[in-house]
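Asks: So you can see what is in the structure, the chains are spelled out below.
There are 2 protein chains.
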Amino acid sequence: MSYVKPFEKSEFVGRVRDVKQRMDEAGFDLIICQDPANMAWLTGFDSWSFYTPQAVLVHLEEETAIWFGRAQDAKSAHITTDLPAHNIISFSEPLVHHPTRHPFDEMCDLIRSRGWATARVGVELDAHYYTARAHQHLVNGLPDARLSDNQGLVNWARIVKSDAELRYMREAGRIVTDSMNTAISRLRPGTRQYEVIADVYHTQITGYDHKFGDYTGLCPLIQVGEGTNTPHLTWADDPLPESGLVVMEIGAARRHYNCPLTRTMHIGAPPEAVSRLADVIVEGGDVALDAAKPGVTCEEVEALWQGVLKRNGYSKDSRVGYSIGINYPPDWGERTASLRPGDTTVLEAGMCFHFQSGVWLEDFGAAISEPFVVTESGGERLTHAARELIVIDV
Amino acid sequence: MSYVKPFEKSEFVGRVRDVKQRMDEAGFDLIICQDPANMAWLTGFDSWSFYTPQAVLVHLEEETAIWFGRAQDAKSAHITTDLPAHNIISFSEPLVHHPTRHPFDEMCDLIRSRGWATARVGVELDAHYYTARAHQHLVNGLPDARLSDNQGLVNWARIVKSDAELRYMREAGRIVTDSMNTAISRLRPGTRQYEVIADVYHTQITGYDHKFGDYTGLCPLIQVGEGTNTPHLTWADDPLPESGLVVMEIGAARRHYNCPLTRTMHIGAPPEAVSRLADVIVEGGDVALDAAKPGVTCEEVEALWQGVLKRNGYSKDSRVGYSIGINYPPDWGERTASLRPGDTTVLEAGMCFHFQSGVWLEDFGAAISEPFVVTESGGERLTHAARELIVIDV
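So the protein lines, in turn, are chains A and B.
According to the numbering used here, numbering within the first sequence proceeds without interruption in unit steps and concludes at 538.
According to the numbering used here, numbering within the second sequence proceeds without interruption in unit steps and concludes at 538.
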């Protein structure tokens, strides 16, 4: 087996260096990262093992990161990372789902054994897999340490993408374009929802030119008719109707860099209300992407979009976009900057967002989203999907 | 849209009644369930929305469960559950990823507004999506309540499956059998790993006779050659070799009831060491499944398996199985009973396990697993996959 790492070693070295500088500024000696995207971004570690407690640790005075996890997954760490063997540490197997002990008890042993018992420790207090119980075991096991939330320190370090990362984002954009086009080609009256999704998965994984796809942060989503008023339903057995609205949100991932895309289709001639909403969504997106240049804030971009909606008699309560990049289930958002009121994050070239311009009305919804990268000339689209309400002639 | 609920309303009513009895015995007035499998099992709620704080609450004196989550997902709760509208509660959108406030602040408001401020509250302290931060907001927001870990109360309530649930488990067993056979038919020298996986996904979702598949708790896993010494790697671009070992672990899910399956294949004539290990794994599995009858304990089943291994000069550190049923990413284990030393859970008819008989040696590994249901005559297999080292003639 010849595992091909997603980046040069120097890229990981640079990331750890950057993170240490952020730690120093934020007053942390040590951070503990359980978010699988942060683990992968810092070290390259890649394995569907995040259902078990595991983490990457970075200490200011330790040259490389440290991987901590289950013994059977430590071998994956040896294969997928450049970490030295002495920084790949596994916990005792009986601690898996143990009623009173926890794998992080042994992480505390590790931290003490390295002489870091009194460190200022930053944990990911709100990371998906960092459970309340895991935190209690760290707090109890490190009574002399000062534990606090690192406020997504590594998530924020990820927000501006390198050229190598942008290559994966664009490749994912190509695959998600192909996946959406696969779906569109299958949306015909009588076709079952799951038949469309089976083909979407096939295209997502096959990719193009040996650039295969990874599993995505969210599964493919499809809503039909009345179900289009809520965004996160999954597929069913129902045959597609002779006429009606379909909204699909699909992702694609290259080396775990996720590019999501949403499109609205109408089987048969669309009602005026649907066409009108779609036109406004496209117009609002165009205005927002034109403005998404370095120096502009997230809330300024959102306000431009909201202005177009308002002028046309619509509104959208939820944020209209969020930062994207490397990610693992259950999400493909980076949980940092959002395009919404109050978010004063200043855009920089190389940031990537999913402009998720879904508007859900009482009876139906529509969404025509755009993943984009911030450039000097505005938001550059990462996909080539048709940017309109897609009408399926029947 | 005509959403077909997975169970009769009476099934959900019975589950909530059973859970209330367990709550009463354990000394809880209220439980808060964030585990998506527990949310689905209690109410039918089904949506890929678990990347956002959400929960199902059960109070001893409230007839039905209460759904709490994001406004855009509340519509999914109206579609997929029978809950009355007054028990589908959404939080304010600006609380999503808010730096200081949290959706569970409004859950505390809800709990107080119902007069439950001093309740004995059981939380899922170690559930995947119940973060340390979520817990802090509950603790701070309910200063007069007595919060403690409910120790997987609902997970344990799920362990014995009803006939209706077993039907889904068997259907998932059929789909995973088909998915594994798809993989086997594609494993040929030169085929790329991702090409195999793309076809596996297609079969997983397509199902049979309109019994489509849902997304599974884990993605399909494939390990080749040296990579077979670690279980959770995912696919790559590598062409399959002219000769070598392949281990695949695949799931299938019917209405989110997951049936996992692992098989070991050898492209070309297998080395003696591989055949021998595979024979022992099959023998050990046969002995264990024969014994898996009501009244036997989990550790007794494991000991039988371990005896066969030992007699043949092998050993396995990790548990050899775990309870399965309804589940959502990132896991398909129920996090309750495990087939391992020290687990004295007594088997009952209707419990389902994944007998995960993987043995990972230094240089390679092999696994021939069996999902099964406990019956009076022993463990009844849920799949029909060939139970042997599968040799791919080339």
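There's no promise every hint is true.
A pair counts as met if it fits within one copy or between any two copies, since identical chains are not told apart.
Derived lysine to aspartate or glutamate pairs resembling EDC-like cross-links, with alpha carbons at most 16 Å apart [said to hold, decoys possible]:
#1 K460 <-> E155
#2 K355 <-> D382
#3 K153 <-> E169
#4 K355 <-> D249
#5 K460 <-> E427
#6 K149 <-> E250
#7 K355 <-> E532
#8 K149 <-> D381
#9 K437 <-> D226
#10 K454 <-> E370
#11 K355 <-> E205
#12 K164 <-> E207
#13 K164 <-> D307
#14 K164 <-> D461
FYI, nobody ran anything at the bench for these hints, they're computed from the structure.
Asks: Is the C-alpha distance from K164 to D307 at most 16 Å within one copy, between copies, in both cases, or in neither?
Replies: neither (21 Å within a copy, 55 Å between copies)
Asks: How do K149 and D381 come out at 16 Å by Cα distance, when the copy is not named: within, between, both, or neither?
Replies: Cα proximity of K149 and D381: across copies only (12 Å, versus 39 Å in one copy).
Asks: At 16 Å max between alpha carbons, let me know whether K149 reaches E250 within a copy, between copies, both or neither.
Replies: For K149 and E250, neither the intra-copy (29 Å) nor the inter-copy (44 Å) Cα distance is at most 16 Å.
Asks: First find the shortest C-alpha distance between K355 and D249 inside one copy, then the shortest across copies, and answer within, between, both or neither for a cut-off of 16 Å.
Replies: neither (41 Å within a copy, 44 Å between copies)
Asks: Is it within, between, both or neither when you check K355 against E532 at 16 Å Cα-Cα?
Replies: Classified as neither: same-chain Cα gap 27 Å, cross-chain 33 Å, threshold 16 Å.
Asks: From the Cα coordinates, with 16 Å as the cut-off, is the pair K437 and D226 best called within, between, both, or neither?
Replies: So K437 and D226 fail the 16 Å test inside a copy (36 Å) and across (47 Å) alike.
Asks: One pair to classify: K164 and E207, alpha carbons no more than 16 Å apart. Within, between, both, or neither?
Replies: within (10 Å within a copy, 53 Å between copies)
Asks: Indicate which option fits the pair K355, D382 if close means a Cα-Cα distance not exceeding 16 Å: within, between, both or neither.
Replies: Between copies, since 11 Å is at most 16 Å while 33 Å is not.
Asks: Pop the pair K454 and E370 into one bin, within, between, both or neither, using alpha-carbon distances up to 16 Å.
Replies: neither (24 Å within a copy, 59 Å between copies)
Asks: Using 16 Å as the alpha carbon limit, work out where K164 and D461 are close: within a copy, between copies, both or neither.
Replies: For K164 and D461, neither the intra-copy (37 Å) nor the inter-copy (37 Å) Cα distance is at most 16 Å.
Asks: For K460 vs E427, is the C-alpha pair at or below 16 Å within one copy, between two copies, both, or neither?
Replies: within (15 Å within a copy, 61 Å between copies)
Asks: Under a CA distance limit of 16 Å, which applies to K460 and E155: within one copy, between copies, both, or neither?
Replies: neither (39 Å within a copy, 38 Å between copies)
Violation of the numbered hints given earlier is confined to hints 1, 3, 4, 6, 7, 9, 10, 11, 13, 14; the remaining hints are satisfied by the structure.
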